[in-house]
Amino acid sequence: MARVVVTQDRGAPRARLGWGRPALPLAGALLLVVFPFLGAGTFTTTLLTEALIYAIWAMSLDLLVGFTGLVTFGHAAGFGLATYAAGWFAREVAPELPLVFVVSQSVVAAVALVTGFVATRVSGVAFAIISLAICQVLFQIAVGWRAVTEGMDGLVGVPLPRLFGRTIVPGVEFYLLTVTLLIAVYVGLRWLVDTPFGRTLQAIRTNEQRAAAIGINVRLHKWLAFVISWFVAGLAGTLFVFMKAGTTPMVLHWSESGNVLAMTIFGGLGTLIGPIVGAIGFVFLRDEFTTHFRAWQFAFGLVFVLVVILFPSGLAGLASRFWSRP
Amino acid sequence: MDLNFLFVSALNGVIYGAFLLLTSLGLSLVFGLGRVVNFAHGALYAIGGYALLDLMRRAGFGYWPALVVAPLLVVPVAIVMERLTIFPIRRRPEIYTLLVTFGVSFMIIGAIEYLWGTGTSLIQTPAPFGGTMSVLGNQYPRYRLVAAALSLLVSAGVFAFVQLTPIGLRIRAITDDADMAEALGIDTKWLLSLVFGGAGGLAAFAGALGAPIFAVQPEMGTGILLDSFLAVILGGLGNLPGSAAGAFIVAMTKSIGGGYIADWSIALLFVVVGVVLVFRPTGILGRGRVA
Numbered sequence: 189m190a191r192v193v194v195t196q197d198r199g200a201p202r203a204r205l206g207w208g209r210p211a212l213p214l215a216g217a218l219l220l221v222v223f224p225f226l227g228a229g230t231f232t233t234t235l236l237t238e239a240l241i242y243a244i245w246a247m248s249l250d251l252l253v254g255f256t257g258l259v260t261f262g263h264a265a266g267f268g269l270a271t272y273a274a275g276w277f278a279r280e281v282a283p284e285l286p287l288v289f290v291v292s293q294s295v296v297a298a299v300a301l302v303t304g305f306v307a308t309r310v311s312g313v314a315f316a317i318i319s320l321a322i323c324q325v326l327f328q329i330a331v332g333w334r335a336v337t338e339g340m341d342g343l344v345g346v347p348l349p350r351l352f353g354r355t356i357v358p359g360v361e362f363y364l365l366t367v368t369l370l371i372a373v374y375v376g377l378r379w380l381v382d383t384p385f386g387r388t389l390q391a392i393r394t395n396e397q398r399a400a401a402i403g404i405n406v407r408l409h410k411w412l413a414f415v416i417s418w419f420v421a422g423l424a425g426t427l428f429v430f431m432k433a434g435t436t437p438m439v440l441h442w443s444e445s446g447n448v449l450a451m452t453i454f455g456g457l458g459t460l461i462g463p464i465v466g467a468i469g470f471v472f473l474r475d476e477f478t479t480h481f482r483a484w485q486f487a488f489g490l491v492f493v494l495v496v497i498l499f500p501s502g503l504a505g506l507a508s509r510f511w512s513r514p
Numbered sequence: 362m363d364l365n366f367l368f369v370s371a372l373n374g375v376i377y378g379a380f381l382l383l384t385s386l387g388l389s390l391v392f393g394l395g396r397v398v399n400f401a402h403g404a405l406y407a408i409g410g411y412a413l414l415d416l417m418r419r420a421g422f423g424y425w426p427a428l429v430v431a432p433l434l435v436v437p438v439a440i441v442m443e444r445l446t447i448f449p450i451r452r453r454p455e456i457y458t459l460l461v462t463f464g465v466s467f468m469i470i471g472a473i474e475y476l477w478g479t480g481t482s483l484i485q486t487p488a489p490f491g492g493t494m495s496v497l498g499n500q501y502p503r504y505r506l507v508a509a510a511l512s513l514l515v516s517a518g519v520f521a522f523v524q525l526t527p528i529g530l531r532i533r534a535i536t537d538d539a540d541m542a543e544a545l546g547i548d549t550k551w552l553l554s555l556v557f558g559g560a561g562g563l564a565a566f567a568g569a570l571g572a573p574i575f576a577v578q579p580e581m582g583t584g585i586l587l588d589s590f591l592a593v594i595l596g597g598l599g600n601l602p603g604s605a606a607g608a609f610i611v612a613m614t615k616s617i618g619g620g621y622i623a624d625w626s627i628a629l630l631f632v633v634v635g636v637v638l639v640f641r642p643t644g645i646l647g648r649g650r651v652a
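Each protein sequence line maps, in turn, to chains A and X.
Just add 188 to the spot in the first sequence (first one is 1) and you have our numbering.
Just add 361 to the spot in the second sequence (first one is 1) and you have our numbering.
Next up, chain X with everything else stripped away, as it sits in the complex:
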C-alpha cells in the first residue's frame, strides 16, 4: 500500500515535471540567447490560461482549437514586450532584465485582475479525456496523462528545433558566443525577438494546457515561475538538457515530498537546491559559470 502511494506521488511528479519542462525550456532558451532573465514568464503563462478561457467562453471555441490559438495570441504580446522593455536595456548587466520583467509581471497580473477579476475559474476536463483510467490498479485522471504526454511531445519538438534546424543552429551559436555569432553575420536582435515570442508562446501553451488541472487565476503563474527558475538554476543557466533534468528534480521533490510532509515539501525543495548549490554553484550541468 505504501509503495502504491509512492507510485502515485511519483506519477504526479512526472506530470508536473512535464509542465515545468515546457516553462523552463522557454526561460532557459531566452537566457542562453540574450542573457535575458524573464520574470514575466509566469505572467505569460497566466495570459495563456485567460486567453483559453475567453476563447472558450466568449468566442465559442472548443477546448482543443482554443489550446492551439491561445498560445498564438500570446506570441505577439511577448514580442512587443521584448521590443519595449528588453531591447532598450540590452547593453546593461543581465540583472536589469530581471528587474524590468519583474515590473512587467506586476503590470500583467494587475491587468488580469483589472480585466478578469481576482476570482478562480475552473475549466472542465476536455472530451474525450474526461474521467479516470486505471494505472497499475490506481484510478488516475486521464487528462493529466494526456496533458503530460502532450507537453513532453512539444518539449521534444523544441529540442529538435534547436538541434536540427538552421535557426536552431544560429540560436546555439549565439548561446555559445554572442559576439562571435554576430561577427559571423547572425542577426541576434531579430532572433532574440523571435525566440522571446516563441518562449512566450510555450509558456502560454503550458498555461492553457494546465488550465483544466490547475484552474485559472491571476497568480497561477507565480508558483510555476519560481519552480521553473529553480529548475533552470539547478540545471545550469542557459543549458537546455540541464533545465530538463532540473525540472524533473524539482517536480519529483515537490510531489513525493508533498505526499509525505504536505506543506513542508517546499522546505524540502529548498534543502535540495541548497545542497546542489553548495556543492555545485554552477548547477548540475553548468560549465564553470556562476550566474
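With the rest of the complex left out, here is chain A:
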C-alpha cells in the first residue's frame, strides 16, 4: 500500500477563497483598521489585538501546512522563541521596536535554519513528530535555563515598545501596529505563494515524488518554507510579548501548537483569509467558553475531531462551496 504512487492531490484540501477577488480582503482590511473607532471598548479591542497576533501566527503555519503540505505539531516553537528573545532584549537592552525585531527575528531565523535542516529530512507523520520534539526541547530550555528565562515564573516586566522615539501605548495604538503588521504579512505571503517559489511549494504539497522527479530540490524548498514560516511566526511572537508584557514557558507548550493548528484548519488550509478568520473565531469563542464552561478543553477536542472528519477544508471551504460553485 505504501508503495503506490498517488498522483492526485494528497495535500490539504484547498478552498478557493480570497484570491481573484481582491475586494473581499480589501474590505476586511478596511474594517479592521476602522474597528476601534466604531465604539468598541478597550476589552474588545485588546481581545481583537490578541486574535490578530494569532492570525499572523496562523498564516505562518498555513504556509507550511496548507501550501507546502508539512503538518507540524510544534508550531509554538518559533512563536515562543521570539517571545523570549524579544522580551529579554526589550527588558535588558532597549525596547526600540525595530531593534527588537532585528534581534528576535535573527534568533528565530538562526534556530529555524538549524532545526529545520533536521526536521525537513523527513515529511508526513515523522515531520509532525520531529517538529513537536523541537518545540519540547525549547519548552525544556525555557523551563530549565533559569538564568535567562527565569524558569516556570517566566519573563515578566517587559516594557512598552518604542517606535521612532515615542512609546506605543496599549489599546488602539498597539492595535493599529498589529493591524499594520497583519496586512503586511498577508500581502507578503499572498505575493510569496504566487511566485515561482510559492508554486514550487504547492507542487511539493501535491506530490513530493513527482516534484522531485521533475528536478525540484524538494529538501531545499521544504527547508526554506520552514524557515520563512518560523520567521513570520516570530513576528507574531514579538508582538505577543509586548502585548502581554511578558512570557512564560506555556507559550511553548504542545497545546499551543494544537491551538494554532486548530485555528488554521478551522479557517481553511491553503487560503490566507481562512487562518485570519479561524484565529478571530478561536480567540472570541475561547473567551466566551472558558468563562462559562469548565470542560473547554474537552469541547475543543471534540470540535477539532468533528472538523477534521467532516469539514477538512474548514470554514473557507464551506464558504466557497456555497458561494462560488463553478
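Derived from the structure by calculation, the hints contain no laboratory data.
Even for Gly, the Cβ is constructed at its ideal location relative to N, Cα and C.
Any given hint might turn out to be false.
To give a feel for the contact side, a few chain X residues facing chain A, derived at Cβ under 7 Å [stated by the list, open to error]: (1) Val398; (2) Thr446; (3) Ile594.
Let chain A serve as the given structure and place chain X on it in line with the hints.
Frame of chain A, contents of chain X only:
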C-alpha cells in the same frame, strides 16, 4: 564512584526503556497495520493510570488485581475510539489519523481534568515489593526492577503473539501489503479494531504499571508519548524490532544524559535523533520508506 553513577543512570535507562517498549510497540503495531498514527496513545496511557486509581480507591481493589483489570477497561474505550474517529477517515492520507487522534487526546485529557481534577495522585508502592534492594552495592527501589521485568515479559508476549499465532500472521501480512492481504480474504477492518484495542490496553497497562513510579496526573502520557514516537521514528515506522531498539536508545540517552546535564538531556536526545535522521531518514531498521 563515577562509574557507579553511570551504572545507576544506565539502570534507570533500562527501566524507562522497558516502559517505552510497551508504549512504542502499541504505536508501531497500529501504524504498521492501518497506517494509523495514534496521538491519543499517551491519553490512553493516562486513562490506564486513572482506571487503576479508581479501582483501588473506589472499588476497593488491591494493586495487583487493579493492574490486571484497568487495561481491560481501556480496551473497549480504544475500540470505540477507533470505530468513531479512525474508521470514517480510513481512505484519507495517514496524516489525518494524526490530526484526529490529536483532537481525541485533547478530549481525553480534558475529560480527565474535568472528572478527576488537575492534581497529582501518588500510589503507594505495592506489597511485597516496597523498599529498596542492593544492586551492585547501590540501594535501588525494588518495585522499579519488578515493573521493568513485567513490562519486558509482556513485550515479549506481544512479540510472540505477532510471530507465532495465526492472528499474528495476519497482522504481519497486512503490515507487509494491506491490499494483497485483503485480496487473500483477511478482514483488515476487524483486525485493525482488535489491534487498536490491544494497543490501547498495552498503553493502559504501562500507565497503571508506572503509576507507583511516575505518579498519576492528567498530562502523564504526554512525555512518554513523545518519547515513544521518537523511538518509533528512530527504529523505522511500523517496524517492531526497530521500535524496541529505538525505545532503548531514547531511554538511555535521556537517562544517562539526564544524570550529567539534567534539564538539557532532552536537547541531547534531539541531537541523537537529528544525527540518525540526517544519515538514515528511514530510521535505523526502516526499509526505504520515508514516513
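Tested hints:
Taken as an interface hint, Val398/X checks out: its beta carbon lies about 5 Å from the nearest beta carbon of chain A, inside 7 Å. Hint on Thr446/X holds. Least Cβ distance to chain A is approximately 6 Å, under the 7 Å limit. This hint holds: Ile594/X has a C-beta 5 Å from the nearest C-beta of chain A, less than the 7 Å allowed.
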